[in-house]
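Spelled out from the first residue to the last, the chains are:
There are 2 protein chains.
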Amino acid sequence: MRNRPIPEATVARLPIYLRALLEVAEGRGELTVSSEELANMAGVNAAKVRKDLSYLGSYGTRGVGYDVEYLLYQITRELGLTQDWPAAIIGVGNLGRALASYKGFSERGFRIAAIFDVDEAVIGTEIGGLPIRHLDELKEAVVDEGISIGIIATPPSAAQEVAEKLVDAGVKSILNFAPAVVNVPPDVSVRKVDLSIELQILSFYQQRTQAIATAREANRRLAVQPKGLER
Amino acid sequence: MRNRPIPEATVARLPIYLRALLEVAEGRGELTVSSEELANMAGVNAAKVRKDLSYLGSYGTRGVGYDVEYLLYQITRELGLTQDWPAAIIGVGNLGRALASYKGFSERGFRIAAIFDVDEAVIGTEIGGLPIRHLDELKEAVVDEGISIGIIATPPSAAQEVAEKLVDAGVKSILNFAPAVVNVPPDVSVRKVDLSIELQILSFYQQRTQAIATAREANRRLAVQPKGLER
DNA sequence: GAGACTTTGTGATTGCTCTCACAAGGCTAG
DNA sequence: CTAGCCTTGTGAGAGCAATCACAAAGTCTC
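The listed protein sequences derive, respectively, from chains A and B.
Just remember that this note's numbering sits 1 ahead of the position in the first sequence, which is counted from 1.
Just remember that this note's numbering sits 1 ahead of the position in the second sequence, which is counted from 1.
Derived by calculation from the structure, the hints in this document are not laboratory data.
Worth double-checking, as some hints may not be accurate.
To be verified - To give a feel for the contact side, a few chain A residues facing chain B, derived at Cβ under 8 Å:
1) Val12
2) Leu96
3) Ala99
4) Ser102
5) Gly105
6) Phe106
7) Ile128
8) His135
9) Ser149
10) Ile150
11) Ile202
12) Ser204
Said to hold, decoys possible - Coverage of chain A stretches by chain B, computed from C-beta distances (three or more under 8 Å per stretch; other residues unrestricted):
13) 25-34
14) 40-54
15) 58-71
16) 75-85
17) 168-180
18) 206-216
Think of the CB as a built atom: it goes at the ideal place given N, C-alpha and C, for glycine as much as any other residue.
My request is simple: use the sequences and hints to build the entire structure.
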C-alpha cells in the first residue's frame with residue numbers, strides 16, 4: 002500500500018482527520034485513538050479511515066489503535082504543512098476582507114502575506130496591518146515574499162485575468178472564490194469555492210423532498226396508492 | 002433516461018451550467034448553444050454535459066444544440082429556484098458579516114431573511130438593514146419568516162449546538178462554514194465549506210510537485226537515472 | 001504461555017462516475 | 001427528395017471510490 006499514489010478522495014479527507022487528531026491531542030490526554038473514534042469525529046466510517054491512513058503507511062498498532070502524536074506528525078508532513086506557504090489575496094470586497102482577517106487560516110498555519118486590488122481608493126489602506134497593494138506589483142511581491150498560493154476574491158469578470166497574472170508570477174496553487182471558471186496550465190492546481198452553488202445544491206434536495214411530500218399529500222387526499230413517487 | 006434519479010455529481014454541476022447559460026443569454030443574442038460550447042464555459046467535457054442534461058429530459062435538438070431560454074428554465078425549475086428559499090445566518094464574526102452582505106447570494110435569488118448571534122454587544126445592531134437577533138428567537142423567526150436554509154458561521158465549538166437548534170426549528174438544509182463536523186438526522190441536508198481545508202489540499206499537491214522537482218534535481222546532480230520518481 | 005479479546009491492514013466486491021464512440025435524428029442545399 | 005453535415009442521446013467499458021469482511025498481529029488476564 003505504501004508508495005502507491007494517494008487517491009484524491011483520501012487527500013481531501015486528510016485535513017479532516019488532522020483536525021480530529023488535534024482535538025484528541027489537546028482535549029483529554031489520550032495517547033492513542035482507534036479508527037472507530039476517528040471515524041466518529043470525522044463523520045465517516047471506520048473502514049474508510051483505515052484505508053485512507055494505510056496509504057500513508059502502517060502507522061497503527063493492531064489491538065491498540067494509532068499513536069496520536071505520531072499520526073499527527075505523519076499527516077502534517079504528508080500534507081506539506083511542515084513548511085509554510087505564504088498566500089496572497091486578490092480583491093478586497095466583502096469576501097476578500099473577511100478572508101484577510103479570517104482566523105481559521107492562521108490557526109492552520111497559513112499566513113496571508115500580501116493583499117492586492119486595482120481600486121485606487123483602497124490601495125495604501127491596511128487590513129490587519131497589511132497594506133493593500135496594486136495588482137501590478139503582484140509578480141514582484143510573489144518573488145520577494147515567496148508567495149505560493151493565490152486566493153482570488155474578485156468579481157467573476159476579473160477572475161480569469163487575475164489567474165493568468167498569478168500563473169505568470171509563478172504561483173502554482175490557486176483558490177478561487179469568484180463564481181467563474183478559470184483556465185490554467187496543467188501544472189497549476191485550482192480549487193474553487195462557490196458559495197451560491199452550495200445553496201443551489203441545497204435547494205435541489207429541499208425542493209425534491211418537498212415535491213415528494215406534496216405528491217404524497219395529494220395521493221392521500223385522493224385515497225389512491227402512491228405511484229412510485231418516493232423513489 | 003428521464004425519471005431516473007439524478008446523480009449527485011450531476012446535481013453539483015447543474016448550477017455551473019446555469020451560470021454558463023445566463024452568460025450566453027445575457028451576452029450575445031445566441032438562441033441556441035451546443036454541448037461543446039457549454040462544456041468550454043463550464044470547464045468540463047462535452048459528453049459529460051450531454052449526459053448530465055439527458056437526466057433532465059431530451060431538451061436538445063440534434064444538429065442544432067440546446068435552446069438557451071428553454072434549458073435555462075428547465076435547470077432553474079429542476080434546482081427548485083423558481084421559488085425562493087429565505088436563509089438565516091447564525092454567527093456574525095468576519096465571515097458571517099461578509100456572507101450577510103455577499104452579493105452573490107442575492108444575484109442567484111437567495112435572500113438572507115434573518116441574522117442571529119448570542120453576543121449581547123452586537124444584538125440589535127444592523128447589517129445591511131437587517132437587525133441581528135438573539136439565537137433564542139431562532140425557532141420563532143424560522144416559522145414567521147419561512148426560513149428554510151440555515152447558514153452556520155460560528156466558531157467550531159458552537160456549530161453542533163446551532164445545527165441542533167436549526168433542526169429543532171424545522172430547517173432541513175444547512176450550509177456549514179464552521180470547521181467542525183455536524184451531525185443531523187437523515188432527513189436534513191448539510192453541505193460544508195471549509196476554507197482552510199481547501200488550502201491544505203492545495204498544500205498537498207504543491208508539496209508533492211516540489212518534492213518531485215527536488216528529487217529530480219538531486220538525481221541530475223548525481224548524474225544517476227531517476228528511479229520512477231516522476232510518477 | 002495459552003486463550004480471549006481488540007483493532008489494524010487489505011483483498012474482494014459493489015457501486016458510482018467519467019469517457020468513448022457511434023447510431024439516430026434533424027437541418028441545409030441543390 | 002436526396003445527400004451531406006452537424007449535434008444529440010446513450011449503451012458499453014474503463015477507472016475510481018466506498019464498503020465488506022476477515023486474517024493477521026498485537027494486548028491483557030490468569
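Now for the hints, and whether the structure bears them out:
1. Val12: Result: holds, 5 Å to nearest chain B Cβ.
2. Leu96: holds (5 Å)
3. Ala99: Cβ of Ala99 of chain A sits 3 Å from chain B, so the hint holds.
4. Ser102: holds (5 Å)
5. Gly105: Interface hint status for Gly105 of chain A: holds (5 Å vs cutoff 8 Å).
6. Phe106: Result: holds, 6 Å to nearest chain B Cβ.
7. Ile128: violated (11 Å)
8. His135: violated (23 Å)
9. Ser149: Status holds, d = 6 Å.
10. Ile150: Status holds, d = 6 Å.
11. Ile202: holds (6 Å)
12. Ser204: holds (4 Å)
13. 25-34: Violated - the region 25-34 of chain A has 0 residues with a Cβ nearer than 8 Å to chain B, which falls short of three.
14. 40-54: It holds, with 3 qualifying residues against the three required.
15. 58-71: violated (count 0)
16. 75-85: holds (count 5)
17. 168-180: Holds: 5 residues of the region 168-180 of chain A have a Cβ under 8 Å from chain B.
18. 206-216: Coverage by chain B holds here, the residue count being 6 at a Cβ distance below 8 Å.
Hint compliance for this structure: hints 7, 8, 13, 15 are broken, all remaining hints hold.
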